[in-house]
Every structure is written in C-alpha cells, then in structure tokens.
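J.: What follows is the residue order along each chain.
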Amino acid sequence: MYNSVSYRESSVDFYSLYMQKEQIGRMRNYNLNIAGYNIRIESAEDGPDLVPSQRFRRNIVQIPEYDVCIRVHHGSLKPKDDAERLFVAPYVVEINGYKITRSDNFWSVYRQNGDMLLITNFPESPSGKKAMLKFSFALREWDLWIENAGSETDPLEYPLDGLILYYLTAINSDIMIHASGVYYNGHGYLFSGVSGKGKTTMAMIWDNIGAQVIHDDRLIIRNIDGVFRMYNTPVYKNDIPNNAAIDRIFLIEHGNENKMTLLREASSVSQVIANCIQHNYSQEMIARFLGSVSMMCSKIPVATLSFKPDRSIIEYILRNE
Amino acid sequence: MTDLKAVFSHSPDVVTRKTGDEYVLVPVTNNIADMESLYTLNETGAFIWDLIDGKKNIEEIILRFTREYDIDHRSASEDVISFLNEMSKYLIIKI
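Residue numbers (this note's numbering), protein chains in the order written: chain A, 1 to 321; chain B, 1001 to 1095.
Worth flagging that the hints you see were computed from the coordinates, not collected in a lab. Model, not experiment: these values are computed from the prediction. Beta carbons are placed, not taken as given, at the ideal position from N, Cα and C, and that holds for glycine. Be aware that one or more of the hints could be misleading.
Label-pair ranges, simulated between beta-carbon atoms [stated by the list, open to error]: (1) B/D1034 - A/G25: 46 to 52 Å; (2) B/Y1069 - A/N113: 50 to 56 Å; (3) A/D82 - B/T1044: 46 to 52 Å.
Away from chain A, derived, C-beta distances all over 10 Å, residues of chain B [to be verified]: (4) D1003; (5) L1004; (6) A1006; (7) R1017; (8) Y1023; (9) T1040; (10) D1053; (11) R1067; (12) I1081; (13) S1082.
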C-alpha cells in the first residue's frame, strides 16, 4: 500500500529562505535527475506552461538524455469501459497519530490494452486539479493529462511525483522504502520503519554528530554495478540530491535500551518488504520485487534495532560494526 | 484422519523466493500480493516445500523427511502433516 508522504516544518535554512524568494518561472520543458533517473517533462503543443515546485529546483539538470519523457496535456482522459482497475488507494491523513480516511478514491491504476493508466487527485491543489498518466513499462514516452491545470501548472504535484518515482523503481527493479539514511565515516546506514518508528529521530541524532543525512523519511535503493545505494528524493523544499552506498540496514523501533538482533536472510527479506512502498498487482512484478529485496538482503546485513533516542545509539552501532 | 495418499502441489497463487536454505512465500489474492501474510520457511520447512511437487503423496514426503533428518516416523508424520495443514490455507492445493 502506498503511504502518503509526510511533511515537516524545516528548521531555518538560509539557502531555502533565499530560494523561496526566487521564482523558477514558466517553462515549456525541463529535465530532472532524481535518484539517478533522468526525467524529461515537456508541455505538448497545446499544453500548459510548466512551473515546477521549489522542491525540484536542485534536481533540474541540463542533460538531454532521458530515461522517461512525460508530455503534459490539458484536459482529461478517462479509462475505457474494458479497462481493468488494478489498484485503488484511499486518501489517508495522519493527525496527532490518528489515521483518518478523507476519500476512498485518491488515486487508482488501470490496465488498458497493454498501457497503464494512473488517475489521481491533488489534495493540495486549490483548483481541483485531476490528472491521468498513460504510461508503459516498455516505452520511454509517457503522456500526462491535467484537468483544471490553468495556463501554468506544477506537473509533479503530490502524489504524482511519488507515484512516477515508484513506477520508475518498479520498472528498474529498484526499491522505494520508508527509511532514513545517513553516511558517517565512510559507512552508509539505513534505518527503516513505518510512521512513528523513529526514522526522523534517528536521522537527527546522526545529524547532530555531523553525519550526512541522505534523507529522514523515504529513500530509493538502487543496485548500481553490484553496490546497493540509497538516494533521496525531493520531498522537502530544501532537499539536496544525495546518495550513498548502504553498509547496514536496521529495522528500527523506539525502546528503553539499545538492542540489535541480526536477522536470518528469509526473515530479513520479509521484514524489509513490510516497509517498502509497493503496489504489486501481477505475479511478475511481485517476483521481480521479491528478487530485488532478496538480493539486497543477501549482500547487506539486516538487523532489528530498538533504540533510545539519544547519542548512545550511535556508540552502540559503531561498537557493533 | 489424514489421507496419506493425498498429493499436493504449490498453489499457482504464490510467489516464492529461495534465499540461502530458506524460502520467502508471498500469497497472491486477485493478483495483489498479500504482504500481510508472508511466510518464511526455515531449512526444514524449505525441505518439505521442495518435496511438494504434485507427484509425491504425503506418505512419500514423510519417508523422505524421516531419512533426511534421521528422526522417528511418528515425529516426522506430525511435523509434515502440521506443515501441510498450515500451508493448505493459502499456499498449496490438493490435486
């Protein structure tokens, strides 16, 4: 089940304050590099001008090659009667630790004549925007129709950005996971857990000793030439594109003491999977995803880790390297 | 009473992955992976899983299990039948 991305109030950051005053401006096309994926966004001849959100600013690149090109159109496209609905996600918000379902149909995925159709609302859009993305696992040219886009629009508004990234991970046998990640003294540590398990807390503890925080909430993991690397994605407006090789994976939870237990391989696979973002709806996708996680868990030690929210957890981890 | 001549095969609605000597099994319902009901099989469970091939009956599986782990027939029967009962919820089908 895809979980909504959480947002935080960022601390004062002079760079991001500066950036807020800048306007990215209207564009007809631009290229992004996110987690190593080159994504070209271009407006169709009759499409709206494109105004990417501030959070994508540092991902804009001048690379002509792309892994996928998304053409943006005005209007809407509905699935045909014979389209098969594969997945539907409710809109769930978390308020004071309680999960509240705001809508039963937030976004949905259909299969139609070999194409995939992704239809979504934009809960943060005041104009009632809706979008439909027609894409394929085999083709690099995708089409996006946006209803009520106006003359200019951010084509990758939440949740479409995360959904597109998810499908790029699925196509490339990569992994999208609820996790924070840090890089310290030449080692990459990934801390995975669903909401409330301590991902952000853990990232802050490492941040306080000068570790490089890759991200505190969501990561994409890619196998690059046999090395599993974690990448951040633009969730917050001050995210800087970042990545690091992963040396250890911890499945975390808050506790009264610091304690880690190394998992056997099959257990590690099943427990890591539970924290991954996944909309698997075919046996082929499931098998491929299972294969990716299994390969990662065969190369990287995975342990459960209960931790006290203070610096002692760092000493504990480093002592048990 | 269990029919020892019964033959089982893996359900077509399960995705399997062998990791070392163990297995991860993912049941699939209506083409959606049921990640809440993942199974992991240890080496012993994996051994029995590999014997479930749509050809061997329960009696033959018990016999192979008895030889492999050098245990008495009664204990082997209990382990194998208990395993099959658990697996028959989602993961194997009687043929």
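J.: Hint by hint, say whether it matches the structure.
T.: Here's how the hints hold up against the structure:
In this structure the supplied range 46 to 52 Å holds for B/D1034 paired with A/G25, their Cβ-Cβ distance being about 47 Å. Separated by about 52 Å at the C-beta atoms, B/Y1069 and A/N113 satisfy the suggested range of 50 to 56 Å. Take A/D82 and B/T1044: their Cβ atoms lie about 47 Å apart, and the range 46 to 52 Å holds. Non-interface call for B/D1003 relative to chain A: holds, since the shortest CB-CB distance, roughly 30 Å, exceeds 10 Å.
Remark: the non-interface label on B/L1004 is consistent with the geometry, its nearest Cβ contact in chain A lying 29 Å away (cut-off 10 Å). Separation of B/A1006 from chain A is adequate, the least Cβ-Cβ distance of about 26 Å exceeding the 10 Å criterion. The Cβ of B/R1017 does not lie farther than 10 Å from every Cβ of chain A; its closest approach is about 4 Å, which violates its non-interface assignment. A beta-carbon of chain A is positioned within 10 Å of the beta-carbon of B/Y1023; the least distance is around 6 Å.
Distance check on B/T1040: its Cβ comes as close as 4 Å (rounded) to a Cβ of chain A, failing to clear the 10 Å threshold; non-interface status is violated. At roughly 19 Å from the closest C-beta of chain A, the C-beta of B/D1053 stays outside 10 Å, upholding its exclusion from the interface. Consistency note on B/R1067: stated as away from chain A, and its beta-carbon is indeed over 10 Å from all of that chain's, at 24 Å minimum. Every CB of chain A is more than 10 Å from the CB of B/I1081 (nearest about 23 Å), matching its label as outside the interface.
No beta-carbon of chain A comes within 10 Å of the beta-carbon of B/S1082; the shortest separation is about 19 Å.
Checked against the numbered hints above, the structure violates hints 7, 8 and 9; every other hint is satisfied.
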